[in-house]
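Full structure from sequences and hints, please.
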Amino acid sequence: MKKQLHPPLSWRHALRRDLLLALLALLLAYTLLDFPCFTGLQAYRALERRYLYGPGEILLTAQPEGAFWSRYYVARSGGLLAWGGVGRSGPLWQSDGGAMGFVFEDPDLPLVPLLLDEDFGHILAVVSHDPRIVRVAARAPALLDQGDGFHTWQILDTESSQPENGCFLLQFPAGPLDDVPMTGNWRSRQPDLVLLSGYDAEDTLIWQSPAPDWSFYGLTP
Amino acid sequence: MPIPAYEEFCSRVCAHVRFKPARAAISAELTAHMEDHAAALMDRGLSPEEAEEQAILAMGDAGELGRAMDALYSPFWGCLRLWLHRALLLIVVLLLLLAAGRGGTALEEHRQRAAAIQHLEGQIGTEALSALADWSPGPVLSAGGYTLTAERAVLSGGEERTLSLLLRVRHSPWLRDPAFLRSLAGEDDLGNRYRGWYPDYPAFWEMDVSSAPSSPFSTVCLVEIRSIPAEASTLTLFYDRGGYRVSFPLDLKGGVAP
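Protein sequences, first through last, are from chains A and B. So the first sequence is numbered by the numbering used here: it starts at 428 and just counts up by one. So the second sequence is numbered by the numbering used here: it starts at 2 and just counts up by one.
There may be inaccurate statements among the hints.
[Said to hold, decoys possible] Reference excerpt, derived from the structure (chain B facing chain A, CB under 8 Å, subset only):
#1 H86
#2 L89
#3 L90
#4 I92
#5 L96
#6 L99
#7 R103
#8 A144
#9 G146
#10 P174
#11 W175
#12 P179
#13 A180
#14 Y245
[Said to hold, decoys possible] Going by beta-carbon spacing under 10 Å, a handful of chain B positions derived as facing chain A:
#15 V93
#16 G145
#17 S173
#18 L176
#19 P214
#20 R242
#21 V247
Think of the hints as simulated: they come from the structure by calculation, not from any bench. For clarity, every value in this text was computed on a predicted model and none was experimentally measured. Quick reminder that beta carbons are idealized off the backbone N, C-alpha and C, glycines included.
Dropping the structure here:
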């Protein structure tokens, strides 16, 4: 039986070859793009695994404007509250970037704050343990631009009445060049310079955090 | 050698096929079919000429077969598939070019990684010059997709000792930069705790962790624990976060007789 040494490919073979090419292209692209994730949640879960945390129960997902990370997650697992920020590059999410912070969850504390972004977006997440609390207000010292190039220390307020799974997201209305110091302890990264207040539906104060020491800024809470 | 009669039959069939790039594949397939048939006929005792003629006749009407082939290899799907193939080829070539372009950067990154690892290994090597014990503890931990191997442990110092531990962490490319290493803590058998970055423990700079990726699949990490009392005989390194509680003990004598 005589056969051509290199017969033209049948359509089935051509399809198989094209599929192989497509697979090769995908593999190459995935490697060249540095093993990205396809969703923010996937990137956050990778971040959790890199910190050997969780998988946590997601309490809040947020994409605040002006924030350092593209998306933030607040989660709970094993007596620890965690926040994680993940970065996006184009339509894909970075698998090896991001940052996480942890707070031991004290169930007796009505409001537990987590400092998400102090420098860029001035963002806090507050987990409420008191179901009566429907509104959370936060107050912090802030070095604000007066518009004429001068900055002065002032008291800045923000509030939120839209909790997600008992978690409030608060963002101070300050620009990226303004300074809103929320922590006096750079190691713990706890927002101990923020005065937190929780209110019920009748606008009655349910709980307030201990008054922070703002004497350094020449302010009184 | 192609048989002219087969070629002629194939060209009559292919004349009906509008999608020209498919003609070669059709001809090859028909020819192979006729050759097989003719070979079978010759086995039954027919002469080569008779077998060729019979094989062609068995294929039926060339026009009818050509129209059926034309329906099968429609120009629309044929063109689509052809352009798809070309696009795929182009993508692969572009990606390969991109990979080649990044080759230099990757090489530089590899050099930097190698230098960082060399630095870590150099640090432990310096400690080893005045070592009380120098040993290889081996595999110590496997958790959450990470496998930790203590490649080298060096105990140095006098009344207060320093333990330098070179860890290799194996992981998938999705778990690069094992961030938990930076939050490792230690506790000796006397109850002293060692921690670098944690608010709970007053000992602040008693533990230092530096790491460098060696590849997408592994990271090298140097853990240095200082101010260990000479009386301490074991030290347990641990990590405790929501969902995970991992630890591994190390014998501070390192197998060296006291």
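Hint-by-hint comparison with the structure:
1. For H86 of chain B, the interface hint holds, the least distance from its beta-carbon to any beta-carbon of chain A being 5 Å, beneath 8 Å.
2. Annotation: L89 of chain B was flagged as interfacial toward chain A, and the flag holds, the nearest CB pair being 5 Å apart, inside 8 Å.
3. At about 7 Å, the closest approach between the beta carbon of L90 of chain B and any beta carbon in chain A falls short of 8 Å, and the interface hint on this residue holds.
4. Look at I92 of chain B: its Cβ gets to within about 5 Å of chain A, closer than 8 Å, so that hint holds up.
5. Among the interface hints, the one on L96 of chain B holds; its C-beta lies about 4 Å from the nearest C-beta in chain A, closer than the 8 Å criterion.
6. The beta carbon of L99 of chain B comes within 6 Å of a beta carbon in chain A, closer than 8 Å, and the hint placing it at the interface holds.
7. Annotation: R103 of chain B was flagged as interfacial toward chain A, and the flag holds, the nearest CB pair being 7 Å apart, inside 8 Å.
8. Restraint check, A144 of chain B versus chain A: the minimum CB separation of about 6 Å is within 8 Å; hint holds.
9. Interface restraint check for G146 of chain B: the shortest CB-CB distance to chain A comes to about 6 Å, inside 8 Å, so the restraint holds.
10. Given the 8 Å rule on beta carbons, the hint for P174 of chain B holds: about 4 Å separates it from the nearest Cβ of chain A.
11. This hint holds: W175 of chain B has a C-beta 5 Å from the nearest C-beta of chain A, less than the 8 Å allowed.
12. Interface restraint check for P179 of chain B: the shortest CB-CB distance to chain A comes to about 6 Å, inside 8 Å, so the restraint holds.
13. At about 5 Å, the closest approach between the beta carbon of A180 of chain B and any beta carbon in chain A falls short of 8 Å, and the interface hint on this residue holds.
14. A least Cβ separation of about 4 Å between Y245 of chain B and chain A falls short of the 8 Å threshold, and the interface hint therefore holds.
15. At its closest, the beta carbon of V93 of chain B sits 5 Å from a beta carbon of chain A; the interface hint therefore holds under the 10 Å criterion.
16. Hint status for G145 of chain B relative to chain A: holds, with the closest Cβ pair at about 5 Å, below 10 Å.
17. With 10 Å as the threshold, the beta carbon of S173 of chain B comes within range of chain A, its nearest partner Cβ sitting at about 9 Å, so the hint holds.
18. Taking 10 Å as the C-beta contact cut-off toward chain A, the hint placing L176 of chain B at the interface holds, the least distance being around 6 Å.
19. The closest approach between the C-beta of P214 of chain B and any C-beta of chain A is roughly 9 Å, which is under the 10 Å cut-off, so the hint is satisfied.
20. The interface hint given for R242 of chain B is met, as the beta carbon of that residue sits about 5 Å from the closest beta carbon of chain A, less than 10 Å.
21. Because the closest C-beta pair between V247 of chain B and chain A is about 7 Å apart, less than 10 Å, the hint holds.
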